[in-house]
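Listed below, chain by chain, are the residues.
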Amino acid sequence: MFAHVFRYRMKCFLGDRVTLFWTMVFPILLSTLFLMAFSNFGKATSFAGIKVAVVNNDAYQENRMFQETLAAAAEKQGDEEPLLSMELVSLGEAETLLDQGEVHGIILLDPDIKLVVNQSGFNQSIIKSFLDQYQQVSASYTSLFQMNPGLLASRDTLKDYSADYDFIVEKNPGKNKTDITVTYFYALLAMTTLYGSFWGIRAVNEVQADQSMKGARINLAPVHKMKMLLAAILAAWIIQFVELTILILYMSMVLKVSFGSQAGCILLTCLVGSLTGITLGTMVGGLIKKSDGIKTGILLGITMTLSGFAGLYFASFKYVVTKAVPVLAYINPANLITDALYALYYYDTYERFTLNIILLLAFAAVFCLLTYLSVRRDRYASIPSIQEGD
Amino acid sequence: MVIKVENLVKRYGDLIAVDHLSLEVRKGEIFGLLGPNGSGKTTLINCILALLKYDKGNISVFGKPMAPDAYDIKKDIGVIMQNVAVFNELTVYENIDYFCGLYVRDKGERKKLVEEAIDFVGLNDFRSFYPKKLSGGLLRRLNIACGIAHKPKLIILDEPTVAVDPQSRNNILEGIVRLNRQGATIVYTSHYMEEVEQICSRIMIIDKGRIIAAGTKEELKSMIKVGEIVFVESVELNQTLLDAIRQLPNTSLVDYKNHNLTVTFTKGRNNLMNLIDLLRKKNLGYGSVYSKLPTLNDVFLEFTGRQLRD
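Chains as they are written, first to last, in the working numbering: chain A, 8 to 397; chain B, 12 to 321.
Wrong hints could be hidden among the right ones.
[Said to hold, decoys possible] Covered by chain A, per the in silico footprint, the following chain B stretches (three or more residues, Cβ under 8 angstroms):
| id | segment |
| --- | --- |
| 1 | 47–61 |
| 2 | 71–85 |
| 3 | 94–107 |
| 4 | 142–151 |
[Said to hold, decoys possible] DSSO-like, lysine-lysine: derived pairs with alpha carbons at most 27 angstroms apart:
| id | chain 1 | residue 1 | chain 2 | residue 2 |
| --- | --- | --- | --- | --- |
| 5 | A | K234 | B | K118 |
| 6 | A | K234 | B | K64 |
| 7 | B | K162 | A | K18 |
| 8 | B | K143 | A | K297 |
| 9 | A | K18 | B | K123 |
| 10 | A | K135 | A | K121 |
| 11 | A | K234 | B | K164 |
[To be verified] Simulated restraints, written as ranges between beta carbons of each label pair:
| id | chain 1 | residue 1 | chain 2 | residue 2 | range |
| --- | --- | --- | --- | --- | --- |
| 12 | A | P333 | B | K118 | 20 to 30 angstroms |
| 13 | B | D130 | A | T361 | 54 to 64 angstroms |
| 14 | A | Y257 | B | F140 | 49 to 59 angstroms |
| 15 | B | P177 | A | A10 | 35 to 45 angstroms |
| 16 | B | N135 | A | R14 | 19 to 29 angstroms |
| 17 | B | P177 | A | I295 | 36 to 46 angstroms |
| 18 | B | K236 | A | L294 | 49 to 59 angstroms |
| 19 | B | F314 | A | R14 | 45 to 55 angstroms |
Just so you know, these hints were derived from the structure itself, not from any lab.
We put the CB at the ideal spot given by N, CA and C, even for glycine.
Hey, can you work out the whole structure from these sequences and the hints?
So, in structure tokens, the structure goes:
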């Protein structure tokens, strides 16, 4: 009997094109759009040399050290773009270039180093920092040579003085390089997982006499409706899991989104997340005695809100929420799913991943219990679905 | 006794949908439940089927108390609701097989039953069709096949012909009679008195959750005063003539509108002859003349003061 119901539930769900679209085709389309949107994410912020006009006057020609420093700053170092893009011009030409917005500033030796700008901004600040640093270092050298003329012979010592040292070492806590864009893809996966709730609504509606005519017919059959519901949930779970697997394969193989190398754990996240999503749907379907459209609307609202908190619309929002209201991060199934994928991607240990999976299972258990309590009733107070012609 | 309902009361808030109603359905009969929309027919059926909670009363089916988990009773009941309840993602064959499979576990037996049901409702040419491709009448037939494929001993049909074309309606009614001949007890609810009159061996008329009358159609008609209704078309009458008609024996009601005369007689002999003699004596010309015996609508009208379809 269970196998009979399961087989036909599977067939019905696979023929439900609308739900299949929202739970599989739509996320695939959305992930493709994400990729297109994020393809220029790194390039948009790449650094280009800051354009400056250097006034070619007598003071400049006499200051060989400054000339060499500027030349070094305007030279490309390996893959890195040069700091400055410099034009050697007369004072008049420099002023014209600045007025026309062709350069961000004018460097003028008169004989002290001067910076002429017509607005303040990020690039102007960098030029000023560069010039300040030059003046500071050159003043240090001058002072050192005056105190110890012998230093001139030792180039290594001079190198030590001119070098920049970082006393803070940047270290990646995980095994992969930080990539903000994966947050969006993980949040999209979490959203898709929770879209499994649409299957859940259908599963529960079709065993409730007060929700659908089919539910009424099924309640008249000599089969326990919990058995019918379990068969439907199992069918929905398998379909949702396969859909998520297809989505992950598409993201990783076509869109080249990185998920790390632990395929088993990723699939476990999908499996548990799917169950949580489907039982969320059965719970909402069981508790809310409204039309199918209203229930779907409510679930859509819940899903999109939870996914938003998990970083679907603005990746940093996930961290803001986690920092400001830590509890919210733990009671949001979408966040638990993204966090589980995150933990697999960044960390070598499994503590955080395991915690997320346990919390997701706990949610599924609570949703199942509430579904059972709302669906278990034997008789109905009224049956609007079959009361019309009374 | 197949169904026994005793003193059933069902309330929706302040509204009493079923009001201290009792009924018995005997084995092998076609029991008609007749009443206008909102009379409580479907509520009564849903209470009998243990779908609805009720406030008071006892219900037994096949001699046992009916309950949601009375699976041994449910396996012998087939229900056809007024709204079609099939899956759009399954074909005609698959839909019947699915619902039949909830009652019959053996695959071989089920296959035979499904084939018989398809044959019974005449859907052989549409077995691989999806419901969306079926016309309203064919869809109703599929709905019926889903409800009867497991060969139930008791079949409850709740307004199965609503919004069905006349040809499909006749097919459905003929099918119900055939099922009854094959041994099934039928409970048929409708607000179409012609259908109930045509197929039911016993009829219960209900209104506002109460029994108005019950019995065979002959018994029901004998309960009312109306014996015959005579219609005379295209006749010119004045007040004096109308008064003369009212003086005829057994005359109960005289209605004259747009040159058409309707005279309702109580039971008695020669009512039509008496009226025609009067018209002839007064040298009045007239068009068609015909009479009809009282219908269940007249029964309903006399007991409630309303038409059945009001």
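Cross-check of the supplied hints:
{"no.": "1", "hint": "47–61", "in the structure": "holds (count 10)"}
{"no.": "2", "hint": "71–85", "in the structure": "holds (count 6)"}
{"no.": "3", "hint": "94–107", "in the structure": "holds (count 9)"}
{"no.": "4", "hint": "142–151", "in the structure": "violated (count 0)"}
{"no.": "5", "hint": "K234(A) to K118(B)", "in the structure": "holds (19 angstroms)"}
{"no.": "6", "hint": "K234(A) to K64(B)", "in the structure": "holds (22 angstroms)"}
{"no.": "7", "hint": "K162(B) to K18(A)", "in the structure": "holds (25 angstroms)"}
{"no.": "8", "hint": "K143(B) to K297(A)", "in the structure": "holds (25 angstroms)"}
{"no.": "9", "hint": "K18(A) to K123(B)", "in the structure": "holds (22 angstroms)"}
{"no.": "10", "hint": "K135(A) to K121(A)", "in the structure": "holds (9 angstroms)"}
{"no.": "11", "hint": "K234(A) to K164(B)", "in the structure": "holds (25 angstroms)"}
{"no.": "12", "hint": "P333(A) to K118(B): 20 to 30 angstroms", "in the structure": "violated (56 angstroms)"}
{"no.": "13", "hint": "D130(B) to T361(A): 54 to 64 angstroms", "in the structure": "holds (59 angstroms)"}
{"no.": "14", "hint": "Y257(A) to F140(B): 49 to 59 angstroms", "in the structure": "violated (35 angstroms)"}
{"no.": "15", "hint": "P177(B) to A10(A): 35 to 45 angstroms", "in the structure": "holds (43 angstroms)"}
{"no.": "16", "hint": "N135(B) to R14(A): 19 to 29 angstroms", "in the structure": "holds (24 angstroms)"}
{"no.": "17", "hint": "P177(B) to I295(A): 36 to 46 angstroms", "in the structure": "holds (42 angstroms)"}
{"no.": "18", "hint": "K236(B) to L294(A): 49 to 59 angstroms", "in the structure": "holds (56 angstroms)"}
{"no.": "19", "hint": "F314(B) to R14(A): 45 to 55 angstroms", "in the structure": "holds (52 angstroms)"}
Of the numbered hints stated above, those contradicted by the structure are hints 4, 12 and 14, listed in ascending order.
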